[in-house]
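Trainee: Protein sequences, first through last, are from chains A and B. When the letters of the first sequence are read in order and numbered with numbering that gives the first Met the number 0, they come out as residues 0 to 356. When the letters of the second sequence are read in order and numbered with numbering that gives the first Met the number 0, they come out as residues 0 to 356.
Worth flagging that the hints you see were computed from the coordinates, not collected in a lab. All C-beta atoms, glycine included, are put in the ideal place defined by N, C-alpha and C. Errors might be hidden in some of the hints.
In silico DSSO-like links for lysine-lysine, alpha-carbon gap of 30 Å or less [said to hold, decoys possible]:
| hint | chain 1 | residue 1 | chain 2 | residue 2 |
| --- | --- | --- | --- | --- |
| 1 | A | Lys34 | B | Lys21 |
| 2 | A | Lys155 | B | Lys155 |
| 3 | B | Lys335 | A | Lys155 |
| 4 | B | Lys21 | A | Lys155 |
| 5 | B | Lys155 | B | Lys335 |
| 6 | A | Lys21 | B | Lys155 |
Coverage of chain B stretches by chain A, computed from C-beta distances (three or more under 8 Å per stretch; other residues unrestricted) [claimed, not checked]:
| hint | region |
| --- | --- |
| 7 | 36–44 |
| 8 | 59–68 |
| 9 | 73–81 |
| 10 | 132–146 |
| 11 | 321–327 |
Here chain B is said to cover these stretches of chain A; the calculated rule only asks that three of the stretch's residues, wherever they fall, bring their Cβ under 8 Å from a Cβ of chain B [as the list claims (entries may be wrong)]:
| hint | region |
| --- | --- |
| 12 | 18–24 |
| 13 | 108–116 |
| 14 | 129–139 |
| 15 | 152–164 |
The primary structure of each chain is shown beneath.
2 protein chains.
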Amino acid sequence: MTTEQSVLERIERARLRKARVKEERVTLAHGAGGKATQTLVEDVFVDAFRNPHLEAMTDGATLTLNGTRTVFTTDTFVVSPLFFPGGDIGDLAVNGTVNDLAVCGARPMYLSAGFVLEEGFPVADLRRIAASMSAAAAAAGVAVVTGDTKVVERGKADGCYVNTAGIGVLERDVTLGAAAVRAGDAVLVSGPIGEHGVTIMLARGELDIEADLASDTAPLHEPVAALLDAVPGGVRVLRDATRGGVATVLNEIAQAVRLGVVLDEAAIPVAPVVNGACELLGIDPLYVACEGRFVAVVDGEHADAALAALRGHPLGQGAAIVGHVADEPAGTVLLKTSFGGTRIVDMLVGDPLPRIC
Amino acid sequence: MTTEQSVLERIERARLRKARVKEERVTLAHGAGGKATQTLVEDVFVDAFRNPHLEAMTDGATLTLNGTRTVFTTDTFVVSPLFFPGGDIGDLAVNGTVNDLAVCGARPMYLSAGFVLEEGFPVADLRRIAASMSAAAAAAGVAVVTGDTKVVERGKADGCYVNTAGIGVLERDVTLGAAAVRAGDAVLVSGPIGEHGVTIMLARGELDIEADLASDTAPLHEPVAALLDAVPGGVRVLRDATRGGVATVLNEIAQAVRLGVVLDEAAIPVAPVVNGACELLGIDPLYVACEGRFVAVVDGEHADAALAALRGHPLGQGAAIVGHVADEPAGTVLLKTSFGGTRIVDMLVGDPLPRIC
Numbered sequence: 000m001t002t003e004q005s006v007l008e009r010i011e012r013a014r015l016r017k018a019r020v021k022e023e024r025v026t027l028a029h030g031a032g033g034k035a036t037q038t039l040v041e042d043v044f045v046d047a048f049r050n051p052h053l054e055a056m057t058d059g060a061t062l063t064l065n066g067t068r069t070v071f072t073t074d075t076f077v078v079s080p081l082f083f084p085g086g087d088i089g090d091l092a093v094n095g096t097v098n099d100l101a102v103c104g105a106r107p108m109y110l111s112a113g114f115v116l117e118e119g120f121p122v123a124d125l126r127r128i129a130a131s132m133s134a135a136a137a138a139a140g141v142a143v144v145t146g147d148t149k150v151v152e153r154g155k156a157d158g159c160y161v162n163t164a165g166i167g168v169l170e171r172d173v174t175l176g177a178a179a180v181r182a183g184d185a186v187l188v189s190g191p192i193g194e195h196g197v198t199i200m201l202a203r204g205e206l207d208i209e210a211d212l213a214s215d216t217a218p219l220h221e222p223v224a225a226l227l228d229a230v231p232g233g234v235r236v237l238r239d240a241t242r243g244g245v246a247t248v249l250n251e252i253a254q255a256v257r258l259g260v261v262l263d264e265a266a267i268p269v270a271p272v273v274n275g276a277c278e279l280l281g282i283d284p285l286y287v288a289c290e291g292r293f294v295a296v297v298d299g300e301h302a303d304a305a306l307a308a309l310r311g312h313p314l315g316q317g318a319a320i321v322g323h324v325a326d327e328p329a330g331t332v333l334l335k336t337s338f339g340g341t342r343i344v345d346m347l348v349g350d351p352l353p354r355i356c
Numbered sequence: 000m001t002t003e004q005s006v007l008e009r010i011e012r013a014r015l016r017k018a019r020v021k022e023e024r025v026t027l028a029h030g031a032g033g034k035a036t037q038t039l040v041e042d043v044f045v046d047a048f049r050n051p052h053l054e055a056m057t058d059g060a061t062l063t064l065n066g067t068r069t070v071f072t073t074d075t076f077v078v079s080p081l082f083f084p085g086g087d088i089g090d091l092a093v094n095g096t097v098n099d100l101a102v103c104g105a106r107p108m109y110l111s112a113g114f115v116l117e118e119g120f121p122v123a124d125l126r127r128i129a130a131s132m133s134a135a136a137a138a139a140g141v142a143v144v145t146g147d148t149k150v151v152e153r154g155k156a157d158g159c160y161v162n163t164a165g166i167g168v169l170e171r172d173v174t175l176g177a178a179a180v181r182a183g184d185a186v187l188v189s190g191p192i193g194e195h196g197v198t199i200m201l202a203r204g205e206l207d208i209e210a211d212l213a214s215d216t217a218p219l220h221e222p223v224a225a226l227l228d229a230v231p232g233g234v235r236v237l238r239d240a241t242r243g244g245v246a247t248v249l250n251e252i253a254q255a256v257r258l259g260v261v262l263d264e265a266a267i268p269v270a271p272v273v274n275g276a277c278e279l280l281g282i283d284p285l286y287v288a289c290e291g292r293f294v295a296v297v298d299g300e301h302a303d304a305a306l307a308a309l310r311g312h313p314l315g316q317g318a319a320i321v322g323h324v325a326d327e328p329a330g331t332v333l334l335k336t337s338f339g340g341t342r343i344v345d346m347l348v349g350d351p352l353p354r355i356c
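All chains, full assembly: derive it from the sequences and hints.
Mentor: Next up, the structure:
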């Protein structure tokens with residue numbers, strides 16, 4: 000047995016054990032979207048609320064209401080700072096939930112908005128956030144139809160947290176999910192990765208870098224629709240690559256179907272400024288959140304048509320085929336590096352970029 | 000013109016002016032559910048998100064999805080303390096959203112759950128909250144089908160905030176809303192008021208009182224269904240009396256239809272311990288939140304049948320007819336006191352009981 004096989008088998012055994020939160024207290028990593036989040040969700044929430052919708056661990060639950068196939072999803076936004084180049088917590092909260100619906104194949108229709116405000120928060124900032132949500136909702140063709148506002152004492156929140164839940168309707172006869180993924184499928188990303196996360200880091204002023212970079216926050220229902228229409232029946236699964244980044248999304252897919260995902264580093268679109276900032280921070284762009292990019296796994300035979308469909312939409316013009324699905328290594332994401340080597344891309348551990356969304 | 004008429008007319012003129020937030024910063028009163036909340040919501044959110052669903056200012060939005068009449072609602076819970084006699088933030092979050100669906104006439108079906116956790120929050124407490132949510136969901140016949148977890152740094156939240164959004168289906172051919180209210184209608188409450196709010200105050204230890212009192216948190220879809228079935232076509236509007244209490248709910252109804260609501264103080268069910276605590280605190284039980292009581296306005300001819308239907312359910316056995324709707328004083332709630340006088344019961348101003356739910 001080679002050393003690499005032995006490492007893979009140990010990783011594999013660890014993964015098959017029941018998820019169990021070992022920490023006594025919640026850490027930032029539990030909110031990072033990676034391994035710790037997955038463990039917390041599986042051990043605490045899926046175990047408590049046990050039902051097939053939740054166990055599917057997708058971005059939204061597909062429900063049938065009187066015969067209408069409906070998708071329901073929720074997301075809370077705690078991004079810091081609240082305003083950043085390219086957007087703010089308002090459009091982020093709208094686009095984030097629109098995108099969770101879109102990658103489930105649904106047409107986004109209605110949103111709720113729940114605010115937790117800190118006493119002393121400027122009303123002018125709240126107006127700015129509401130205006131931004133309104134513009135984002137109009138752009139995405141959704142309506143904010145119900146809401147709630149709570150206020151907590153000074154020091155008990157950080158300005159403003161926003162929850163959005165969303166309802167969409169499945170108009171196409173399509174079932175998306177990791178279960179459909181097969182060896183030979185192609186892996187695409189809809190555009191350059193990591194721009195949202197790096198923008199937030201720069202906006203915090205923690206790095207002494209001036210860069211011409213903006214968040215990629217955008218509604219993805221149109222490029223998703225273009226893709227689904229271009230290769231009907233050929234799309235296996237779609238995921239927006241938010242917390243934990245592309246690496247985490249692909250690990251979740253690989254683990255769900257016990258197949259391997261092999262990425263070609265040279266093919267992954269990353270803006271030079273994102274690469275540069277990630278080098279300074281010592282993090283891998285594959286783990287950095289996007290808020291307007293998605294990962295698509297499509298039938299390998301339709302890869303070129305899928306790519307063309309994505310590139311035909313302004314929000315997909317930077318799309319690329321970045322890898323493929325293989326039988327081995329089962330449940331693992333491998334990266335073929337630009338230097339000709341390979342390395343395992345595991346799930347995100349810890350939280351290098353807290354409160355990115 | 001009598002002095003009382005003059006006061007009423009001035010109140011009336013003030014009410015007809017466009018809602019406008021005058022404060023530069025958010026105050027606790029903006030989250031209290033009373034006048035300041037109404038102004039904030041109308042001025043900032045309804046203005047930004049302008050659509051007929053939101054403008055209805057009901058507990059949930061009624062949507063038609065492919066012909067299915069669906070109700071969608073959201074609520075965030077920031078109650079302090081998290082655990083209290085009779086419940087915790089978990090069952091409160093489930094029952095609160097179940098009740099918002101129920102009072103819209105819908106059968107509650109699916110919930111989302113969004114958590115904001117403070118770094119350092121005990122995982123054991125989170126398990127306890129999840130278990131409580133699970134039990135409450137089972138009791139209410141709903142499933143928690145989608146969720147999200149965010150973690151913020153120590154000091155940026157207060158342990159745990161929970162958002163729940165909910166979807167229900169309108170199975171009855173019923174349209175509930177303040178618009179249907181007529182002079183001569185009867186006003187009922189489904190049980191003794193103010194027990195949740197006073198329980199929270201006592202649990203904070205701010206009053207030196209030992210009292211045998213528990214939150215009234217409970218799912219209301221069954222007593223609501225019993226009422227709707229008992230007087231088909233006779234129920235005008237239902238509202239759960241949470242933040243701002245019964246007084247705020249009735250003011251919103253009175254203002255919406257420009258009619259008067261006349262309450263009989265002696266008929267309002269209030270537990271002696273709630274009355275006692277309210278006297279010590281200098282607040283009126285009519286403004287104290289319930290989490291398992293609702294207000295019903297029904298056709299006066301069906302008042303006794305409605306009361307009997309409510310009393311036939313364990314969660315409505317303390318129901319009472321507490322007043323009636325009259326042409327005058329338009330847009331105002333009047334209380335006939337036990338001493339034979341009358342006083343105006345205005346909307347809640349300020350926030351005597353912050354973070355009650």
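Trainee: Hint by hint, which ones does this structure get wrong, listed from lowest number up?
Mentor: 1, 3, 5 and 11
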